[in-house]
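Peer 1: Sequence:
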Amino acid sequence: MRFAAYCRVSTDHEEQLSSLENQREFFEEYAQKTGDKLIELYADEGISGKSLKKRDSFLKMLDDSGKGGFDYVAVKDISRFARNTGDFLYGIRTLRQNGVDVKFLSNNQTVLGESEFVLTVFAALAQQESENLSKRVIFGKKQNAKKGRVPNNIYGYDKQDTYTLTVNEKESSIVKLIFKWYTEGYGTRHIAMKLNEMGIPTKKNAKWISKTIRRILQNSIYIGKLINNKSVTKDFLSGTRENIPPEEWYIHDRPEYRLVSDDEFYIAQERLIQRREQYKNENPGNRYSNRHIFSNLIKCGECGKSFNAKVYHWKNTYVRYRCCIHNNGGNIMCKNSVTIDEQKLLEEVKKYLFNIIEDKNSFAEKLKEEYKQKNCNIDVSQFEKVKQNLMKRKDKFKEMYVSGVISMAELKKEMSDIEEGLSNINAELNKFGDMQKRLESIDDIAENVEQLLLKSEYTNNDMRRIIDKIIIYPDKSVEIFMK
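Start counting the sequence shown at 77; every next residue gets the next number (our numbering).
Hints are computed from structural coordinates only; laboratory data are not their basis.
No experiment lies behind these values; they were computed from the predicted model shown.
Backbone N, C-alpha and C fix where the C-beta goes; we use that ideal spot for every residue, glycine too.
You may find that some hints are simply not true.
Listed below are the simulated PhoX-like cross-link pairs for lysine-lysine, each with C-alpha atoms no more than 25 Å apart in a straight line [unchecked claim]: (1) 468 to 488; (2) 283 to 252; (3) 223 to 386; (4) 179 to 109; (5) 531 to 427; (6) 420 to 545.
What follows is a set of in silico ranges between Cβ atoms, one per label pair, in the way DEER data are often shown [stated by the list, open to error]: (7) 227 to 110: 46 to 52 Å; (8) 501 to 275: 55 to 61 Å; (9) 77 to 321: 56 to 62 Å; (10) 282 to 330: 24 to 30 Å; (11) 169 to 246: 50 to 56 Å; (12) 503 to 393: 41 to 47 Å; (13) 420 to 503: 38 to 44 Å; (14) 348 to 244: 21 to 27 Å; (15) 110 to 319: 29 to 35 Å.
Based on the sequences and whatever the hints tell you, model everything.
Peer 2: Here's what the structure looks like:
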């Protein structure tokens with residue numbers, strides 16, 4: 077008779093692959109003893125038997141069984157076939173529907189069972205064994221986590237044993253560079269591109285992608301804090317994981333692992349959150365990008381959304397910007413049909429910057445005007461008067477409570493309203509203070525502009541340091557707002 081054999085090992089460790097070779101030899105010896113012809117050997121390496129996911133050889137065997145190439149499938153034991161009862165029955169029934177028998181061989185090479193009921197019992201036992209093993213592994217990992225288990229494979233370090241890492245000097249310098257670039261304004265995709273262009277591989281000798289950069293930026297080990305027990309396997313069959321509340325995490329201070337400062341790390345976390353929220357809550361018209369010189373700096377004077385860049389290749393390579401809302405929906409969505417060339421806009425910006433250097437007084441007046449527009453031209457002195465009145469009311473209600481005129485509940489309500497008013501006024505006064513600081517630092521702004529104009533090439537980060545936004549109106553007029 078013709079038969080196919082199936083074998084599997086659950087990891088790609090050397091000792092397990094050796095077990096795979098032993099399984100292959102087993103079936104070859106079986107063929108010699110029975111006189112049956114081994115047509116095909118299907119083998120899955122480094123794959124779990126808990127589900128059919130990624131078990132390509134197993135699925136190919138099921139598919140080939142309908143082509144009449146073999147009469148039965150031989151498997152050493154049920155646990156090699158599947159550790160999931162549902163998948164086990166699916167495989168058995170598929171093979172039998174295709175007229176192919178299944179033989180599970182013990183060490184003496186006899187059939188363990190013919191009926192589906194008996195085989196199902198064995199399959200259930202195999203699944204239970206796998207579940208018990210999973211529980212033991214989870215328990216062991218949790219105990220190691222309490223003691224300060226270190227990751228197996230983390231960029232910037234080399235693992236010495238279960239609880240010890242040593243800093244990898246070459247990789248640690250790249251980690252520091254990643255944080256530096258990100259806090260300076262580069263995006264994760266841009267950083268990945270730069271590292272790939274430099275020929276620097278990841279820990280697994282692969283190309284960098286945005287996800288890999290984000291994982292590095294989010295890992296507190298780079299400030300000397302090792303965090304374990306953040307998630308646990310919820311279902312051992314599907315492999316799905318469940319997040320554990322922060323109060324149950326195991327946090328170990330390991331100052332010898334620090335590569336970046338706390339300030340740099342927390343700035344990175346704030347920017348990651350901001351950009352994630354921007355992608356989640358806003359349409360593509362306001363998403364962050366720094367790929368081109370004016371990425372995310374140009375706003376539409378009609379709908380307020382961003383102008384997106386498009387690269388053209390004809391004789392020379394050039395970039396043009398258009399309102400993303402108009403580009404996607406036409407005049408119905410936004411009437412601003414202006415297309416602006418990057419180089420022409422750059423020339424306009426440079427002219428504007430030259431004017432700042434030449435006439436600082438005029439620039440200071442423009443800043444004042446911008447402040448008035450943003451704050452509805454309200455007199456700051458009025459805020460001070462309202463603030464003083466609120467403070468007097470605060471003292472008055474305190475006296476009324478002490479005198480027994482009002483209750484504690486009434487006092488709390490009045491105080492809550494007063495505090496809210498004071499908070500709003502202080503926010504407005506802080507805006508005024510920020511504007512005053514900007515007016516006082518005209519010389520510093522002018523110096524930054526001079527340094528920028530000395531450059532022969534410009535990046536998005538250069539522009540972001542001095543420009544807040546550029547508004548393009550439907551009549552093609554341009555308005556530039558400084559930081």
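Peer 1: Compare the structure with each hint and give your call.
Peer 2: Hint-by-hint comparison with the structure:
Of the supplied pair hints, the one linking residue 468 and residue 488 holds, its CA atoms being roughly 16 Å apart against a limit of 25 Å. Restraint check for residue 283 and residue 252: the C-alpha separation of about 18 Å stays at or below 25 Å, so the hint holds. For a cut-off of 25 Å, the pair hint linking residue 223 to residue 386 is broken: about 53 Å separates their Cα positions. A threshold of 25 Å between alpha carbons decides the hint, and for residue 179 with residue 109 the separation of about 15 Å falls inside it, so the pair holds.
Between residue 531 and residue 427, the direct Cα distance comes to roughly 14 Å. Compliance with the 25 Å bound is thereby established for this hinted pair. For the proposed pair residue 420 and residue 545, the alpha carbon gap of about 17 Å is at most 25 Å, so the pair holds. Between residue 227 and residue 110 the CB atoms are about 48 Å apart, so this pair conforms to the stated range of 46 to 52 Å. Between residue 501 and residue 275 the Cβ separation comes to about 56 Å, which falls inside the hinted range of 55 to 61 Å.
Taken as a hint, the range 56 to 62 Å holds for the pair residue 77 and residue 321, whose Cβ atoms sit roughly 58 Å apart. Checked against the hint of 24 to 30 Å, the pair residue 282 and residue 330 passes, with Cβ atoms roughly 27 Å apart. One distance hint, 50 to 56 Å for the beta-carbon pair residue 169 and residue 246, holds here, with the actual separation near 54 Å. The given range of 41 to 47 Å is respected by residue 503 and residue 393, whose C-beta atoms sit roughly 46 Å from each other.
The hinted window of 38 to 44 Å between residue 420 and residue 503 holds, with their beta carbons roughly 39 Å apart. In this structure the supplied range 21 to 27 Å holds for residue 348 paired with residue 244, their Cβ-Cβ distance being about 24 Å. At roughly 52 Å, the beta carbons of residue 110 and residue 319 sit outside the given window of 29 to 35 Å.
The structure shown violates the earlier hints numbered 3, 15.
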